[in-house]
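Put together the whole structure using the sequences plus the hints.
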Amino acid sequence: MGQITELTQVVPADPGKPVRPEAAASQRSSRELAEDPTTWSQDQADEVVRRYTELAPVWDGDRGGYRSVPLTDALHRGGPWPDGLCLEVGCGTGLLSALIQGVWPKVVSLDLTWAMLSRSPAPWRVLGDASQLPAGDASAQAVVLADVPLFADEVVRTLTPDGVVVWSNALGEDAPHHVPIGTVLDALERASQADWSAVMSHAGWGLWAVLRRGEAA
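First residue of the sequence shown? That's 1 in this note's numbering, and the numbers climb one at a time after it.
Among these hints, one or two may not hold up.
Label pairs and their computed distance ranges (CB to CB) [claimed, not checked]:
{"hint": "1", "residue 1": "161", "residue 2": "128", "range": "22 to 30 Å"}
{"hint": "2", "residue 1": "194", "residue 2": "6", "range": "16 to 24 Å"}
{"hint": "3", "residue 1": "194", "residue 2": "25", "range": "26 to 34 Å"}
{"hint": "4", "residue 1": "12", "residue 2": "62", "range": "33 to 41 Å"}
{"hint": "5", "residue 1": "51", "residue 2": "124", "range": "23 to 31 Å"}
{"hint": "6", "residue 1": "10", "residue 2": "44", "range": "17 to 25 Å"}
{"hint": "7", "residue 1": "8", "residue 2": "36", "range": "33 to 41 Å"}
Think of the hints as simulated: they come from the structure by calculation, not from any bench.
For each residue, glycine too, the CB sits at the ideal point set by N, CA and C.
Here it is in structure tokens:
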């Protein structure tokens, strides 16, 4: 496995971290997908759409106050960043889109659930499945995955050789879609048949990682 460098946490965690009862089951599913994306099924996709259609009306109110914390820290400390197209996978209602656009002006924001996507102010929105990203081979300089499952084959396919993967879990190890960074790194290395490295840190209640091909500088 490639090198993982952990930076000192600079954004402290406030008291009152939310607990998501569904986290354990969702983490098992997310880890399974990271290790074997062929386990994804239409039934799973339908269940995701059902669940997030229910959550869409209250999403920003329930989660808007903390979801940006780890991604903000990642974008401040995880660079340098290559210029070009960025794919925001699982953009939801667009809570994080403006942050991402501050680094990459051209961002394509993708989500599986129209009830979420229709609330997003992002300028380029696509309704679609992360298991089949709507982008050409080696067309993106960055892929942002904030609390979404990892389909490593698709990330590797769409990313340029010098591109970056930005991973964020707003509730850290307790986030429903949290997968250990070592598992993320392994999945990208298997999919690309290349070495990768990561820099990571915790911020607030969450954590983040930036992953690149090659050894850490």
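Is 17 to 25 Å respected by the C-beta to C-beta distance linking residue 10 and residue 44? 37 Å, violated
Distance restraint hint 33 to 41 Å, applied to the beta-carbon atoms of residue 8 and residue 36: At 34 Å between Cβs, range holds.
Could one say that the CB atoms of residue 161 and residue 128 fall in the range 22 to 30 Å? Given range 22 to 30 Å: holds, Cβ gap about 24 Å.
Residue 12 versus residue 62 beta-carbon gap, inside 33 to 41 Å or not: 22 Å, violated
Given a hinted range of 26 to 34 Å, is it respected by the beta-carbon distance of residue 194 and residue 25? Holds - the Cβ-Cβ distance for residue 194 and residue 25, about 32 Å, lies within 26 to 34 Å.
Using the Cβ atoms, figure out if residue 51 sits within 23 to 31 Å of residue 124. 25 Å Cβ-Cβ, so the 23 to 31 Å window holds.
Could one say that the CB atoms of residue 194 and residue 6 fall in the range 16 to 24 Å? 22 Å, holds
Of the hints listed earlier, those the structure fails to meet are numbers 4, 6, in rising order.
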